[in-house]
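Number of protein chains: 2
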Amino acid sequence: MSKILRVNMTDRTAKSEDVPEKYQLLGGRGLTSAITCDEVPPTCHPLGPNNKVTFSTGIVTGTTAPTSGRISIGGKSPLTGGIKETNSGGMAGQKLARLGIKAIIVEGLPKEKGKFWLLKVNKDGAQLLPADEFAGKGLYETYPKLFAKFGKNVGIIGTGVAGERLMSMAGVCVNDPENRPSRYAGRGGMGAVMGSKGLKAVILDDTGGPGVPIANQEVFDAGRKKLVAALQEHALTKPGGTLNTYGTAALVNVINEAGAFPTRNFSDGRFEGANKISGETINETCKKRGGVGMTGHSCSPGCIIKCSNVYPKPDGTELVSCQEYESVWSLGANCGIDSLEVTGELIRLCNNYGVDTIEAGVTIGVAMEAGLAKFGDGKKAIELMHEIGKGTPLGHILGNGAAITAGTFGVVRCPTVKGQGMPAYEPRAIKGIGIIYATSTMGADHTSGYTIAPEILDVGGKVDKFIVEKADLARNFQYTTAYIFDSSGHCLFISFAVLDISSGLEGVVEECNGVLGTNWTVDDMLRMGKEIVDRERAFNEAAGFTKIHDRLPEFMKYEKLPPHNVVFDVPDTELDKVHGR
Amino acid sequence: MSKILRVNMTDRTAKSEDVPEKYQLLGGRGLTSAITCDEVPPTCHPLGPNNKVTFSTGIVTGTTAPTSGRISIGGKSPLTGGIKETNSGGMAGQKLARLGIKAIIVEGLPKEKGKFWLLKVNKDGAQLLPADEFAGKGLYETYPKLFAKFGKNVGIIGTGVAGERLMSMAGVCVNDPENRPSRYAGRGGMGAVMGSKGLKAVILDDTGGPGVPIANQEVFDAGRKKLVAALQEHALTKPGGTLNTYGTAALVNVINEAGAFPTRNFSDGRFEGANKISGETINETCKKRGGVGMTGHSCSPGCIIKCSNVYPKPDGTELVSCQEYESVWSLGANCGIDSLEVTGELIRLCNNYGVDTIEAGVTIGVAMEAGLAKFGDGKKAIELMHEIGKGTPLGHILGNGAAITAGTFGVVRCPTVKGQGMPAYEPRAIKGIGIIYATSTMGADHTSGYTIAPEILDVGGKVDKFIVEKADLARNFQYTTAYIFDSSGHCLFISFAVLDISSGLEGVVEECNGVLGTNWTVDDMLRMGKEIVDRERAFNEAAGFTKIHDRLPEFMKYEKLPPHNVVFDVPDTELDKVHGR
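As given, the protein sequences belong to chains U and S, one line each in that order. Following my numbering, the residues of the first sequence are numbered contiguously, the last one being 581. Following my numbering, the residues of the second sequence are numbered contiguously, the last one being 581.
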């Protein structure tokens with residue numbers, strides 16, 4: 001029987017608890033959000049004694065289900081002031097699941113400020129160990145030391161200097177299969193919540209762990225096979241397919257062509273240097289430079305899609321893993337930078353200091369708007385990232401994200417919703433994703449409902465990107481995502497195969513039924529997705545959010561975006577229809 | 001017939017408009033808030049093209065009514081994100097009134113960023129003149145240059161470098177009778193809204209102006225006499241009385257004795273160095289040092305109370321005007337500083353850079369909490385103020401106030417409501433003022449309803465400071481304040497005489513009736529006060545505020561305040577009762 005591990009940082013205790021009945025069938029985001037709603041007062045200070053951070057595995061994480069290694073991290077976000085769930089691939093999710101732990105809940109503040117601790121968990125239990133020797137340093141230095149101490153086969157969930165310094169851009173870092181500090185549950189500043197609790201890292205050693213119990217192996221196996229087949233069939237997800245070959249940055253040219261590639265702090269929808277930072281260029285460069293450089297890298301064992309990469313320097317040695325779409329956009333086009341060498345170095349610094357690449361790029365874009373650097377100045381962008389690493393006053397501004405940076409420098413063109421920086425799709429040019437940004441419980445977040453699939457990729461149907469009547473679409477995508485992807489433990493990228501191939505969707509349902517011993521249908525999962533979103537919305541409402549917070553920034557309503565010269569013209573009534581306000 | 005002057009900064013036009021019927025009987029806050037509600041979209045960016053800043057005189061301002069020289073400045077606040085009215089004494093209100101102008105509405109953004117303009121207004125009209133030569137400098141340098149150019153008898157409403165840099169701590173500065181840049185409509189960052197519009201200053205030359213029409217001179221005169229008599233009778237407001245002798249800093253020892261003097265960033269209610277920064281010490285020092293130093297200085301012609309002072313250096317030459325209660329507290333006790341030389345210098349820097357002394361002190365307290373300086377380190381506090389003046393990244397953090405500073409450095413003990421720093425009364429130790437802070441439309445603001453009168457000073461009755469059932473008290477004070485003080489044009493400090501002496505209150509009513517030709521009663525004025533507050537609340541609600549925003553910061557609910565070891569224990573239901581939510 002799986003357990004919940006409850007860790008108190010004030011008295012430094014860790015105790016195992018039975019999983020309450022009401023949480024038995026939950027996982028991932030469903031579970032972190034339920035625990036947050038049950039245990040965290042919505043009006044508490046995110047960095048104060050009453051917030052909690054919860055780590056939870058997906059329902060099928062730790063099994064042989066394909067592309068299902070996600071770990072969810074939840075609590076009240078210091079970036080948005082609302083509820084947050086952010087998930088990551090990497091090595092931690094499966095290990096936590098195989099240790100028989102459904103969730104770790106970390107609560108309380110340490111008695112001594114500035115002290116840090118490691119939470120070491122193995123089959124025999126959990127303990128807190130002093131971590132001061134691992135604090136204050138870049139993660140490329142820290143992670144190898146942790147592996148040297150705890151062995152190469154542990155999973156690490158850590159936070160960097162940004163989290164130690166309580167910066168709300170701080171992400172939570174999970175090691176990849178080669179133990180790089182490179183997979184991030186980046187969004188919403190959950191690394192700062194870890195930092196506030198003095199929790200430097202969680203070390204997961206699943207040696208001898210009980211594994212994930214499967215209630216009905218036959219049902220599970222049938223589901224797994226269906227999903228594997230769908231993933232291997234779909235053009236985007238199959239071996240040698242688009243994501244495997246070009247990575248997520250395959251989207252660069254597609255979105256740029258659509259005039260929806262946010263450029264120079266969301267002042268243009270098309271970037272003249274897009275192709276230089278595209279998936280095609282990444283692929284060619286990796287091939288040309290060779291060395292460790294490769295595309296088709298996987299971020300987590302058991303992934304079929306393998307969209308990650310390890311990008312080489314000119315001499316073939318490793319620069320960084322990985323150059324993905326959101327990162328080459330945010331740190332590239334959004335800053336007017338058209339060099340993969342520069343985006344690679346910036347991504348490396350994000351990994352090293354422990355910050356979200358999306359928020360970092362959106363913030364540097366705002367800083368450039370404020371005059372701290374010229375758009376396109378990669379050298380200066382790198383210097384700005386180092387300010388975060390050094391913890392200077394400027395670093396503290398930037399490290400707290402785009403909204404704080406805009407507030408500090410009086411920048412009106414601030415592309416955030418609920419304080420969170422927008423991802424790589426211009427909502428003026430793709431209305432559905434704008435509705436998602438506006439109405440997501442998470443702030444501006446494409447992963448809350450990836451309507452780009454039908455709006456741009458002709459996946460799961462085909463919907464004109466300029467049509468504004470998309471409340472129903474946005475609602476359905478949010479519900480689907482909350483359970484079928486974010487709670488099952490699968491990566492969002494299975495959605496392409498699942499949306500287009502009905503047996504793939506059946507496969508996910510059957511996998512969950514197999515693990516849990518349930519008999520759910522797709523409709524059940526949508527209903528549970530709705531329950532998750534409704535619960536999160538209730539938390540946000542109790543935290544002070546209204547429909548006014550379900551809006552895009554004002555400038556998008558009066559500034560026309562080239563090349564289509566469009567404003568965000570979705571009526572407020574359509575936005576309010578999403579959640580029936 | 002009075003007019004409204006409408007100034008557009010985009011096309012640089014100024015035109016005179018008739019006062020619409022609905023605004024005929026309004027003045028001061030009643031008028032700025034009505035215009036803001038009618039013309040400013042509640043969800044607009046405060047520094048964007050759709051916000052407006054309105055300057056309005058009180059109903060009796062410009063007449064011979066005593067202590068009535070207030071000017072109100074309103075719009076959407078960059079500090080709180082809600083509606084804002086902030087008012088000041090000084091020389092501008094009366095001159096604007098005597099020019100026959102009820103309000104100046106400034107709208108639009110200039111086409112060129114970084115350019116500044118002066119709005120010169122005289123009996124012949126208004127024009128915008130280039131102000132670049134007056135920008136980028138301290139106001140102690142700028143104001144004399146402006147008087148040299150426009151004559152010594154003009155009124156100036158200006159903003160400093162903080163406003164030019166769009167910092168949300170930026171106040172609006174009005175010259176005092178000796179033309180010092182020392183009287184501030186400080187709160188809520190309206191100086192930054194001026195800055196965003198490129199409006200460096202308004203120059204008011206009332207020579208030959210029509211004056212304020214009085215509909216019924218007899219009624220007005222009778223009212224004026226009653227108010228004058230009451231002010232001259234009350235112990236707090238009479239010549240040689242408490243305020244005249246010790247200034248507002250007479251409160252230092254009183255509030256400290258009550259255990260409600262916020263000390264070292266609201267971590268204590270009693271300051272061991274209080275007496276060193278008290279009104280008594282100010283008075284003694286002024287007497288001892290002589291020179292220009294004097295107490296009983298007036299901030300505006302026609303004031304009977306004269307609570308201001310001009311504080312001397314040891315050699316008797318002028319250090320600053322003035323050392324008032326809020327400033328010696330915020331920049332003194334709240335930073336652990338017990339030296340009037342230091343508070344004087346800090347106040348001088350606030351005046352020079354154009355920032356609100358309350359927000360500045362609360363911010364430095366938070367910065368000290370963050371470790372940027374030790375509590376009590378006056379030298380370092382002065383250096384921090386200079387950062388604002390220099391516009392460094394740290395200066396931009398601080399210049400945007402306590403909430404941004406706390407957010408940037410991860411400080412949980414952040415004493416703000418709706419983003420505005422708390423004034424000099426600890427809400428844990430004086431519950432009624434806490435209810436005001438929580439439920440005011442303006443953010444934490446003692447001037448929205450000065451319940452300190454009955455809770456501490458036994459003025460207007462006597463109410464135990466620890467009693468929590470004060471929704472009715474808080475509501476009545478807010479309504480009274482909105483019209484009888486903030487709209488009439490009188491200084492809030494007439495409230496002592498008006499609350500204790502019924503003929504004084506009659507006097508205010510009759511003054512207004514005399515000017516307007518109305519036949520109002522006190523109840524009418526309370527009704528109109530309610531209308532103003534309701535309108536402001538509607539604006540805030542449309543801007544996204546809920547009852548959750550009518551709360552004090554969480555730490556005050558769990559951190560016990562010495563010496564009484566009290567938390568803020570007013571139930572949320574009591575807070576919600578104030579405005580009937």
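Think of the hints as simulated: they come from the structure by calculation, not from any bench. Values in this document were obtained by computation on a predicted structure and should not be read as measured data. Hints should not be assumed to be uniformly reliable.
Each pair may be met inside one copy or between any two copies, as identical chains are not told apart.
Pairs of lysine to any residue residues, derived as SDA-like cross-links and limited to a Cα-Cα distance of at most 20 Å, are as follows [unchecked claim]:
{"hint": "1", "residue 1": "Lys-225", "residue 2": "Glu-345"}
{"hint": "2", "residue 1": "Lys-288", "residue 2": "Leu-109"}
{"hint": "3", "residue 1": "Lys-145", "residue 2": "Glu-178"}
{"hint": "4", "residue 1": "Lys-113", "residue 2": "Glu-559"}
{"hint": "5", "residue 1": "Lys-111", "residue 2": "Gly-371"}
{"hint": "6", "residue 1": "Lys-113", "residue 2": "Asp-569"}
{"hint": "7", "residue 1": "Lys-276", "residue 2": "Asp-205"}
{"hint": "8", "residue 1": "Lys-547", "residue 2": "Ser-2"}
{"hint": "9", "residue 1": "Lys-123", "residue 2": "Glu-326"}
{"hint": "10", "residue 1": "Lys-137", "residue 2": "His-579"}
{"hint": "11", "residue 1": "Lys-530", "residue 2": "Lys-560"}
{"hint": "12", "residue 1": "Lys-15", "residue 2": "Lys-462"}
Go through the numbered hints given earlier and state which of them the structure violates, listing their numbers in rising order.
1, 2, 6, 7, 8, 9, 10, 11 and 12
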